[in-house]
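Chain by chain, the residues run as shown.
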Amino acid sequence: MKVRVVYKPDGTVAVIHPAPKSRRPKETEAAWLARVFDKPLAPVYAKNGAGETVQVNPLHGLPFDDIDISELPQTRKYREAWRGEKGIGIVIDQEMKAKIDARPSEEEQKQIALAERIVSLKAARNELTGDAALACQREIERLSQELADA
Amino acid sequence: MDMQRRTYCEDAMALADAEGCTPECRQRLLNVVDCSLGLYYQGECLGIEDIFALGGVCERVIHVGPGAEFADPQDAFDSIVDAAVDNQYVVVLCPGIYTGNYVMPDYVHLEAKTRHRGACRMQSAVGVTLTVPVGSGCRIEGVTIETTGQAALDFPAATAGKHYHISDCRIRGDYNTDNENLVTIQGDACCVTFLNGTRFEYYETGDTGAANWHRAVYVTATSEVHFHNCIWRMEFDDPNGIMVGIDAAATYAVEWVIQGCEAHMHADNLLFAGAVGFLYDHGVGVEKYVETNHIHLISTKAGLGYGVFLDSSDNAGLLHATANHIEVVGFAGNFSYHAGNGDQICSASDFLNCAQGTSTAGTGVVDLVSSEACGELSVTENAWIGGTPAGVPAANTLYRDNIVKGWIQLNGTGVIAINDSFNVSGIVDGGVGLYTVTWDQDFANANYSCVATTDNYHAVVDTFAVGSVRVSALDAGHNYVDTTKVCAVAIGDQ
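Residue numbers (my numbering), protein chains in the order written: chain A, 1 to 150; chain B, 1 to 494.
Think of the hints as simulated: they come from the structure by calculation, not from any bench.
Treat the hints loosely; a few may be bogus.
Going by beta-carbon spacing under 7 Å, a handful of chain B positions derived as facing chain A [said to hold, decoys possible]: (1) Ser-421; (2) Gly-426; (3) Val-432; (4) Thr-438.
In silico SDA-like pairs for lysine to any residue, Cα to Cα no more than 20 Å straight-line [stated by the list, open to error]: (5) A/Lys-77 / B/Thr-483; (6) A/Lys-77 / B/Leu-434; (7) A/Lys-8 / B/Leu-434; (8) A/Lys-77 / B/Gly-431; (9) A/Lys-77 / B/Ala-476; (10) A/Lys-110 / B/Asn-456; (11) B/Lys-485 / A/Glu-106; (12) A/Lys-21 / B/Asp-440; (13) A/Lys-77 / B/Tyr-480; (14) A/Lys-77 / B/Ile-416; (15) A/Lys-97 / B/Leu-434; (16) A/Lys-110 / B/Thr-483; (17) A/Lys-77 / A/Ile-92; (18) A/Lys-86 / B/Gly-431.
Which stretches of chain B does chain A cover? Using the computed rule of at least three CB atoms under 8 Å from a CB of chain A, they are [as the list claims (entries may be wrong)]: (19) 410–416; (20) 476–484.
Backbone N, C-alpha and C define an ideal beta-carbon position, used for all residues, glycine too.
In isolation and in its complexed conformation, chain B is listed as follows (with noise of 0.2 Å):
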C-alpha cells in the first residue's frame, strides 16, 4: 500500500469510526478511496473532501419505484431538504421505466437497484433527462438514462470545481433532429470521470441537414474529462453532417483522458462532406492522454466522407496517443491524427488498419496532417502515405510520389554480395559489371526513375521493368567491369 493511499484510508477510518460507521459503510468507503486512487492520472488524487463527498459517510437511502417510499425520481429529490456534505442521501432506482426531466439536489447520488441493463431507465422526449448536482459532486451508478430530445445528461455551468463519477451507465439518445448532444458538459474547472462500461449509445435517423452536428459528449468548460472502459455506439444517417464521440468547443482547456475505451461509430449513407471521428479536440494547451483504446469508425457508403480518430485542430495541445488500435473502414477521405496550429500529437504503438473505400484502392491511407506551421507530428510505426499534390507541390510536405522505393549497395567483386537494400528481392548477375535488381515490390509501371553509381566507374540503368531494372558498370573505355561498390535508388510509382 503505498503512502498517499495508506494515508487516505486512515483518514477515511478514522471518520468513519467518529461517525460510528456500519461495516458495510466502512467498505464502501474504503472503495471509495481506492476507486478514486486509481482513476486519477500520474498520481494526482482526490482530496479526502472529495472522497467523502462521492463516497458519502453513512448515506441515507430512499427508493423509488412501483411500492417503494416514491413512484417518481423528482419526487424523492425534492423530499430531501436536509442533504450536506456530512448527511449524504443514496436515491435507488429500482427497475422501471421514469419518464420526465429529473434534476437531482445536492449531496444526493443516484443508483440503480440493478445492474441489468436497461432495467431502471429515466427517460424524455423533451429537454434534459438529468441534470446533475451543482452544488456538489455525485455519483450515479447503474441507470439508463435516455432521451430522444435533447441532452440525456447535462453537466451546468453552475457545476464549476465539482467531482463527478458516471459508472455502469448506459447514456442513450435517439434524435432525429439537428445538432444534438447525448451529454453536455458546462462547469469550469468540473472534473467528470465516466467509467465501468459506461456507455454513449447515439443514433441519429432523420437528420438531412447539412453540417450538423451529433455529439456524444461535449465539453464548453475548462475542465478535466476522463473516460475509463467506457463503450460507444453511435449509428448515424446524416448525408451531410459530423458524428462525433467526444468534443471540445473551441478555447476550452480540456483535459482528456480516455484509457481502456473501446468506440463503433458507423455512418451509412454519407455525402462528401460527412465526417465521423471519435476524438475532435477544439480546446487549448493542456496535455491529453488517448491510451489502449479500440476504435472503429465504419462507413457503409464507400467512397465518402471523412473518419478521423483524432483531430486536435486549433491549439498548442500536447495529445498522446499511445497503444490504440484503430480501424477506419469505407470513407473517401482519410483517417487522420490532424495536428493544429502548434499542436504535438505523439502517437507511440498505435495499432492502425484503415482501409479506404473506393474499389480500386484497397488499401488505407493514413493521413498524417500538420495544417499548420507550427504542427509537429511523430510517428514511431509505418505510416502509409497516399496524398499526391492537387497542384504545385508544397514545400517540405511527404507525398507518396516524393518517397525513395528502393536501394541497394552490393560489392561486385570476389562472389557478388548484397551489403545492404531496400525492397529489393536480389540481383541476378548476368555478367561481368552486369547486374539486373529485382524490386520485391514492384512498381505500378516501368516509368519510375533509378540513378546508380559506382565507387570507381560510371552505371548505366537500362532495361526497366515493374519488377526489376539493369545496372552497369562500365570503365572509361566503356567495358563493362566489377567494382566493389554499386548502388542504386528508385523513386517511383507503386
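So that you can see chain A by itself, here it is in the shape it has in the complex (with noise of 0.2 Å):
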C-alpha cells in the first residue's frame, strides 16, 4: 500500500497513511489514493510573506512523495528524527538520534518520577500532623518499595 510523505519546511515529515476501509466499490487505486491524499486538514494560521497571519492547510502545496509503506522505517524509535526531502525520502538525523539514545529508558523515567514523587511526599509528610501525616508516611513507604523492585 502507498503512503505519502510530506516534507515539512523545518525538515521534518508528515506520513499520510490511507485507511484501507475507505477505498469505495469500484474505485481506482490512484483514484482512492489521491482522494485520501488530497483531503484538507484543519487549517492552522501562520504568517504570510508580507508577515499577515492567515489560515493555512498545514500540509497543501508541500514537496512529497508517494512510496510503498514498506519503504518507511520500520521502527518509529527515532521518529522525532525523521528528516526527509522530496526525491531522497526519509533520512535519520543523527543529531537527533544520538538525543534521543541519550535520553532516559522509559523504565529510567519512571523510577525518577517515582523518586521525586517520594522526595515530595517527604517533604508535604513534614507539614501534616495526625492521620493525615500517617497516610502520607504508609504512601511514601508503598512507593519506596514499588521504586525498590523496579
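Two independent chains are provided; combine them into the complex using the hints.
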C-alpha cells in the first residue's frame, strides 16, 4: 500500500496513511489514494510573506513523495529524527538520534518519577500531623517499595 | 409435474371426458388448473370444485355488441336463467362502450372479445359500474370498467367464501368527489385475485375537502386479496386528502399477497395534511406478503405532505416486504415502514430511494417507525435516519444525532497500521504520538464530539475541523508517546 510522505519546511516529515476501508467499490487505487492524500486538514494560522497572519492548510502545497509503506523506517524509535526531502526520502538525523539514545529509557523515567514523588511526599509529610501524616507516610513506604522492586 | 398438479389435471380431464368436452374446452380447463396452482401462495391451492367454478367445463357463450345476440350486457345477463355449477356461461363483450350499472348473475363469466386496451368498456356516471356474482365465483378478462361516480367494481358482502379472478382488466375512475373507492371488496372469506396486467387507474381532480380518502382497492371484510403483475396509475389533486393504492378497514384480517406489481402514484398540490400511500393495512393479525414490486410515490409540490410505502397501522400483523423497489420523491413527510401495535415488518433486500422535497435536504428520509410499544422492525439493508427529537428525546430511540459517525483503532508502533475503522479516509502521522484522523464523510461543522483512548497512556483530542481531528497519546509526564492501541470515536452532525 502507498503512503504519502510530506516534507515540511523545517525538514521534518508527515506521513499520510490511507484507511483500507475507505476505498469505495470499483474505485481505482489511484483515485482512492488521490482522494485520501488530498484531503485537507484543519487549517492553522501562519504568517505569510507580508507578515500577515492567515489560515493555511498545514500540508497543502508542500513537496511530497508517494512511496510503498515498506519503504518507511520499520521502527518509530527515532520518529523525532525523521527528516526528508523530495526525491531523497526519509533519513534519520544523526544528531537527534544521539539525543534520543541519550534519553533515559521509559523504565528509567518511571523510576525517576517515583523518586521525585517520594521526595515531594516526604516534604509534605513534615507539614502534616495526625492521620494525614500517617497516610502520607504509608504512601511513601508503598512508593519506596515499588521503587526498590523496579 | 408435481403430484398435486397432476392430481388436479387428472381430475379435470376425467370430468372433461365425462362431459364430452371439445379439445378447446379441455385446454381451457387445463389452463385454469395451471393458472390456479400458480397463483396461490405457499402451496395453498384451489379445490377442484373451485377450478370448475372458475373455468367452467363446457361454457355456453353469449355475445354482446352491435349486431350480436344482445346489444346491452345486462340484457345478456338477464337472459341467463339456467346457469349452474355444471352449466356455466361466458358473456363476451364485443368492442364498444356499454353504459349502465351491471350486475352479473351466478355462474357467469365476462370476457372481452378483443384485448385491445379500452376496446370493450363498461362505464357509469352514477352508482356501481359492475357488480360480480354473489352466489358463485367468476372470472373477468380483458374488460375496461370505468366510472365517474362510485365504485367501478364491487364485490358485495354476499360474495363471502367465493373465488374471483380478475385478469388483464382496466379499472378506471375519474373522480371529482369525496371518499371514493374504485374497487370495493366486502365479502368475508372472499378470495379475489387480480392478475395479468390488471390496471387500477384513479384520477382525482376536483376534491378539495380535508382528510378525504381516495382508494383504488378498499377491503371491508376478512378476506384474501392477491395482486400479481398488476399496475396502479393514480393521480391526485386533493390538498388535504389521502390517496391509497390498497387499504383494509380496521379490524379485518386481510391476507395480502402483492407480487410483481408496479405503482405510479402522483400527487399535485398536496398540502401538509395530505398523504399518498401504496398499502395502508389497518387490518388485524394475519401474515401479508409484499414482494418484488416497483412503487413510485411522487409529489410535485415539494416540501409538503407525506409519502408512505407500507403502513401497517394497528394490529399485530406480520408483514413481509421483500425485494421491492421503492421511490418516494417530493414530500415533506417521511417515507415509512410504519409498524403499529404488535406489528412486525420484515424488510429484506428492498431498494429504497427516497428524496425529500425540501430544497436544502437533497437526500431522502427513510423513516423506520414503530409507533407503539410492541412494534418491531427489522431492516437488513442500509437505513438512513433523519429524525431529530422534537423535544425531550424519547427513550431508546434512534435519531440522527445519536449515531456514531466514525471510529478508528490503530497501532501507533512500528509501521503505523490502521487495524479497523469506519468513515475514516486515513490518518496523518505527524510525529511521535500525534495522529490526525481524516474523515471520509465530513461533519457538518466542527462542533462534534470525539473521544479517544489508548491501551497504556492517556489521549488528548484537539484541532477539530469538519474533515479531521487530531488525537495525541501522552505518557504520565505529558510527553508524546507511541503505543499499540489508539482508539477514537466521533458523534455529531453530518
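Consistency of the hints with the structure:
no., hint, in the structure
1, Ser-421, "holds (5 Å)"
2, Gly-426, "holds (4 Å)"
3, Val-432, "holds (5 Å)"
4, Thr-438, "holds (5 Å)"
5, A/Lys-77 / B/Thr-483, "holds (11 Å)"
6, A/Lys-77 / B/Leu-434, "holds (14 Å)"
7, A/Lys-8 / B/Leu-434, "holds (15 Å)"
8, A/Lys-77 / B/Gly-431, "holds (11 Å)"
9, A/Lys-77 / B/Ala-476, "holds (18 Å)"
10, A/Lys-110 / B/Asn-456, "holds (13 Å)"
11, B/Lys-485 / A/Glu-106, "holds (18 Å)"
12, A/Lys-21 / B/Asp-440, "holds (10 Å)"
13, A/Lys-77 / B/Tyr-480, "holds (12 Å)"
14, A/Lys-77 / B/Ile-416, "holds (12 Å)"
15, A/Lys-97 / B/Leu-434, "holds (19 Å)"
16, A/Lys-110 / B/Thr-483, "holds (16 Å)"
17, A/Lys-77 / A/Ile-92, "holds (11 Å)"
18, A/Lys-86 / B/Gly-431, "holds (18 Å)"
19, 410–416, "holds (count 5)"
20, 476–484, "holds (count 3)"
When the structure is compared with the earlier hints, no violation turns up for any of them.
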